[in-house]
Amino acid sequence: MLNYTLRRLLFAIPTLLVISFIIFLILDLAPGDPTGSLPLTIPAEVRAKIREALGVGEPIHIAYVKWLRGFFIYEPLHWLDQMGLVIGDPSSRPRIISFATRGPVVDLLMERIPQTLWVVGLSYVVGILIAIPIGVISAYKQYSWFDQFGTFISMVGFSVPTFFTGLLMIVIFSVQLGWFPSVYDTTLEVNSLGTFWLQVKQMIMPVTVLALFNAAQISRFMRASMLDNLTQDYVRTARAKGMSEKVVVLTHVLRNSLIPVVTVIALGIPTIFGGAIITEQIFRVNGLGQLLIIGIQGSDFPLVQTLTFLFAILIVLFNLIADIVYGMLDPRIRYD
Amino acid sequence: MTDQTAGEVVTKAQRTLWGDVLRQFLQHKGGVAGSIIFLFILGAVLFGPFIHTIDPQFLDIRNKNLGPTWGHPMGTDNLGRDMLAQVLSGGRVSLAVGIAAMALSLLVGTLIGIIAGFFQKLDGPLMRTTDLFLALPILPLLLVIIMLFRDSLRSVFGPEMGIFFLIVFVIGITSWMNTARIVRGEVLAIKEREFVLAARSVGTHSWKIVARHIFPNVLSPVMVSATLGIANAIITESSLSFLGLGFPSDFPTWGRLLFDGANFMTLNPARVIWPGLAISLTVLSVNYIGDGIRDALDPRIRGR
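Those sequence lines, one after another, are chains A and B. Residue numbers for the first sequence, in our numbering: 238 to 573. Residue numbers for the second sequence, in our numbering: 778 to 1081.
So that you can see chain A by itself, here it is in the shape it has in the complex:
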């Protein structure tokens, strides 16, 4: 297992390098100009100086190596510096600087990560908590009205895009009923029961929208996996031994059915960060997704490059985690 993990980790390095290069290439080929949004009164020679200062127009291999050095060596070292562990001379290490804010990209990301993690993470947890009981009951009572209804709802949740459910919820709960705010206020400080309630109120809609979408997908897998296991011989044996139905379903079948579902959950984590781009845009949550949109619109290449690459790392990492967890949970799987 350790051997397999190490091999996969080693394999992930060239994959990530190639991905980062593809992203770099796309951005480099693009005709966008980071000085395009500056006032037109700036003379051409000053504009050229600004471009030079930003590092635009460097040969692609040099720009790429500089970025790689920044991302893989200087940023982790800077992080260590802040932890109090200074290695070498921090002032000689240029960080990855955003074109738009002239500040380090990583600091921008750090400002945005908590909002995204709160909304996206909570919605994923809520989604899983809804999906597993629904999947178990639908499979146990296959073709019952609960199953028919649950399957239909999960099909709807899976098909209706989050930007429509989000807008629909805003129309109903913000515009018509006025229960929840439609804009997520990040400046809100939670220091009393009242502000906590405000925070809960503004999180309900984005979390519900994403949670329903995730629950729809996971409950389909949960149901299919339960159905596969319910007809197995060991279930009949457990019943024949005289075990109670509760023990058979919740201890024997559920635990075995969760094995593939856990990998599906792990594989879904990076994709929900992508889906969160849209939800963040609807509810004006200033998380990573919104940062990406702003970066793309302003041709802020270092920001877009770093953020997109971060998404790629998440995908590769969670693919690896899914495979390893699968191997650990299911002793029948042997990778070596």
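Just so you know, the hints here were simulated from the structure itself, not pulled from any lab data. Keep in mind that this is a model prediction, so the values were computed, not measured. Hints may contain errors.
Computed footprint of chain A on chain B, listed as stretches where at least three residues anywhere in the stretch have a Cβ under 8 angstroms from a Cβ of chain A [to be verified]:
| no. | region |
| --- | --- |
| 1 | 903-912 |
| 2 | 921-928 |
| 3 | 1013-1025 |
| 4 | 1039-1045 |
With the Cβ distance kept under 8 angstroms, some of the chain B side facing chain A (calculated, not the full set) [unchecked claim]:
| no. | residue |
| --- | --- |
| 5 | 809 |
| 6 | 918 |
| 7 | 1008 |
| 8 | 1035 |
| 9 | 1053 |
| 10 | 1056 |
| 11 | 1061 |
We put the CB at the ideal spot given by N, CA and C, even for glycine.
Got chain A; can you put chain B on it based on the hints?
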């Protein structure tokens, strides 16, 4: 449920594979309902503009922000354009993008899947490429590509066709991986079968074997992928348009209508609801068709 039909089937003179598949598909209620709704939407989008003849871009500023009336069944927008006409013409573009992107993704996916499965030497490199594409963060990359290349393509192909080609191309080129993996798995199993050996032993050329013996046998997973591909492409295109990075306002799709309507949500919620409903119904019906086809093509279910 299936016992009764088994009795009836005996009396039929001849049964073919596709006849059985069709019969099984017709038993799948969701699949049939999905097909009816999808055909209805397709018909409405194709022939609707001949019945409801208002030009979707006609500005009637005096009648702006209307609710539903007989002349404008879905009301009008903030510039007085008729919403029904816009939803119908937007649907043409949305469905065209969905179908074209699906076709491209199927073409690439099937080709790579068959080549990787059939020619052992190419298997490794092609499957590594597939894994690489699977690890790409698709939505961020799509956004980047479209934002960055929109203007240059517009100047080459014109404002409408440029963005159409770009979106179809980027969606197609980033969604073929699952098809390729499934097809490769099928090809690996089929090429060990006796009929392929027989074809080879009479001296059939590799490409002929692929075209005549392998390809028809991988059609069923490809068909399931096709329906999922349409749904996926429509959702992706709407997401891009919804983020303001897809089609322009004067050449709207359902996603773009939703994006434009979102700003007038408090004033006129119908502007959000109709396009959103159209997207949701289309995707839902296509997903149900996919479910039906999958069940119909599964011999374990059909045999019962």
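These are the hints, each one checked on the structure:
no.: 1; hint: 903-912; in the structure: holds (count 4)
no.: 2; hint: 921-928; in the structure: holds (count 6)
no.: 3; hint: 1013-1025; in the structure: holds (count 5)
no.: 4; hint: 1039-1045; in the structure: holds (count 3)
no.: 5; hint: 809; in the structure: violated (15 angstroms)
no.: 6; hint: 918; in the structure: holds (6 angstroms)
no.: 7; hint: 1008; in the structure: holds (7 angstroms)
no.: 8; hint: 1035; in the structure: holds (7 angstroms)
no.: 9; hint: 1053; in the structure: holds (4 angstroms)
no.: 10; hint: 1056; in the structure: holds (6 angstroms)
no.: 11; hint: 1061; in the structure: holds (4 angstroms)
In this structure, only the earlier hint numbered 5 is contradicted, and the remaining ones agree with it.
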